[in-house]
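Participant: Given next are the chains, with one letter for each unit.
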Amino acid sequence: MNIQIAAQINSFIAAFVLLAAFGMLVQKRIYSLIHLFAWQGLFLSISTAIVGYVANKHHLYISSILTLSLKVVLLPYILHVLVVRLKIRKQAETVLNIPLTMMIGIALVIFSYHLTAPVRELSTLITRSTLAVALATVMIGLLMMITRKHAVTQIIGFLAMENGLFFAATSATYGMPLVVELGVALDVLIAAFIFGIFFFHIHSTFDSLDVKQMSRLKEDL
Amino acid sequence: MLLILLGVPLFAAAALAFIGDRRYAPEINIAGSAATFAAGIGLALEVYNTGPMLAGGKFFFVDAFNVYLSVLTSFVSMTTAIFSRRYMRREREHGRVGHVGMRFYHSMYQMFIFAMFLCLLTNNIGVLWIAMELATLSTVLLVSLYRTPRAIEAAWKYFILCGVGIAQALFGTVLLYFAAEKVLGEGGEALLWTNLSRVSGSLEPTVLSLAFVFLMVGYGTKVGLVPLHNWLPDAHSEGPTPISAVLSGLLLNIALYALVRCKVLVDGSTGTHHAGDIMMGFGVLSILVAAYSLLRQKDIKRMFSYSSIEHMGIATFAFGLGGPIATFGALLHMLVHSLAKSSIFFTVGHASQMHQTQEMERIKGLFKGNPLVGWGLMFGVMAIAGMPPFGIFTSEFLILTATIKDAPLWTPFLLLGLGVAFAALFRRVQPMVAGEVPEYQKPLKVAHVPVVLHMLLVLIIGIYIPDFLNQWFHTAVELLK
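These protein sequences, in sequence, are chains B and C. Here my numbering is used: the first residue of the first sequence is 1, the next is one more, and so on. Here my numbering is used: the first residue of the second sequence is 222, the next is one more, and so on.
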């Protein structure tokens, strides 16, 4: 495969990662949200494998497989089980003003391109153009955590942010050293268990996973 | 010695997970922490005799900056383990923690200590990030240990906000690696701090200043700097008191340590005072906001959490200011604040157990009820407010002197913050310690050793800084220039 073509394919897949991020931003049903998250992980994994092939970096194949098993299979599965167990599958969440959220999302993408411009100029890697997409994914994940008021949605936003960070590492530097990537994956795994436990705690204490009820701890003015 | 220091808490965490809620679990916890402290002293002696060293194939390294923090961390974690023995037993009797909770508590306590040592001793800034996240994750469920709605809310906030914050730091680390890779080549070598600091002059300045913004926001969240501090008062006040003591006393220091390590690299690359200016801004804002928030607190642990924000602001400001005197002051401040604040949390824990509440209005007559708790709190507050002859006076004095000399325009803000905090703390403490014993106050067997030991150390450092400490600080000041 020609390297230029591979880079084009990579950019194409990057577009899908971003599309999945936007999809998650406005998706109301938790069930579909988990699917979108899995899709994003899949695109990420393919992109990592392509970069590994183009750059001839074998440790990226390991990262790619790690992403595939962790973010496409394991995490969506855990979320799925939790959603079924806690019987929150049917609940559709209210999303604040979809058009406005989308507009903010687009503004964040532009901002990301602007912010990463100096880095892209310095880079000689063929994947450099996807760095802005990666940062945009991080920002959209952040936006999702702010606009959503459901514990599961917030966690998916958090994991989407992590996807963006991983993408940034692959596109800016052909991946962090393996020890760091493995460590980050381990942290994500531990976080997954912790939020799993958390969902049960929140559910049994507040009777729902709506975090709007968490408003006890405020400053008395 | 370095590997022993890391191995002991990890092993203790595994062992305590198996031992669970047996009668002797707290004693094992103390034994593990004491062994860690012994290893910490051993490491310090080694470094004192032979100078900075690398270990584990360049994976770990020790210099004057992290060696004193390691000893401090191992010491405070040991005294906290001693304090927690009686405290947690009593909480168990009151039924606030269950069988599973206790097992979890001890195991995660050691895991948390392991994570902090990994942060301090690793040479790899990627691993530094991982360990910082691990330290957060291991304490999240400790904050929600009591399972009350308030505790769960606090832990959720802690988990989400710190997770988001620290994700920004990872992006900063990626950018740092991007710049380093050009100079040092690919692979793990390019993330080693010892290599990076050697070549920091040739790292690309534009990338590093961008990276610093992300690192500042990321690690700044963990330091609890305003306006990223929202999680801190909740997390520090709703969890069990021993955890509040180590969170306030140790984890904030570690986060600041990470930030300062990154700042050195950025300064070396840009050659400007840009990163320092950002830190000074965040620092002063934290001091002022925290000082005014102190005024309207009703919950005793919440109040002292705000005081932690204030002191971290002071240290961040001083590191940002730079220069030998301010940096020396900041290093000293991290040490004495950690000792004084954990000691305060010990007495606060006792006081709130005596009165079965954390509300300050209901805590009264501590002098008469239990002199050690009363005087411990009084002296602790005197120390933390910066009264002579305690160590915090010395460090704040040094920082103020340097500010007046190098950045006089900042001085009024600093003085205002310190003054307001002083007044706010004393207004609250007087009614708690003085007066008659209320009838609902219960007598309590208290842990003397940790409080007395900490206060004595703060006092000694205020009067006389031992030679070895002085030498380390001076070397660290050179390092951080």
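None of these hints come from the bench; they were simulated from the model. Be aware that a few hints might be false.
Unchecked claim - Subject to a maximum C-alpha distance of 25 Å in a straight line, what follows is the list of computed PhoX-like cross-link-like pairs (lysine-lysine):
no., chain 1, residue 1, chain 2, residue 2
1, C, LYS403, B, LYS57
2, B, LYS57, C, LYS279
3, C, LYS666, C, LYS589
4, B, LYS28, B, LYS87
Small disclaimer: the values here were computed from a predicted structure and weren't measured.
Participant: A separate judgement is required for each hint: does it hold in the structure or not?
Facilitator: Status of each hint after checking the structure:
Among the hinted pairs, LYS403 of chain C with LYS57 of chain B is consistent with the structure: their alpha-carbon atoms are about 16 Å apart, no more than 25 Å. Using a Cα cut-off of 25 Å, the hinted pair LYS57 of chain B and LYS279 of chain C holds, with the two alpha carbons roughly 23 Å apart. Distance check on the hinted pair: LYS666 of chain C and LYS589 of chain C sit about 15 Å apart at the alpha-carbon level, within 25 Å; holds. As the CA atoms of LYS28 of chain B and LYS87 of chain B are separated by approximately 16 Å, the hinted pair is consistent with the 25 Å bound.
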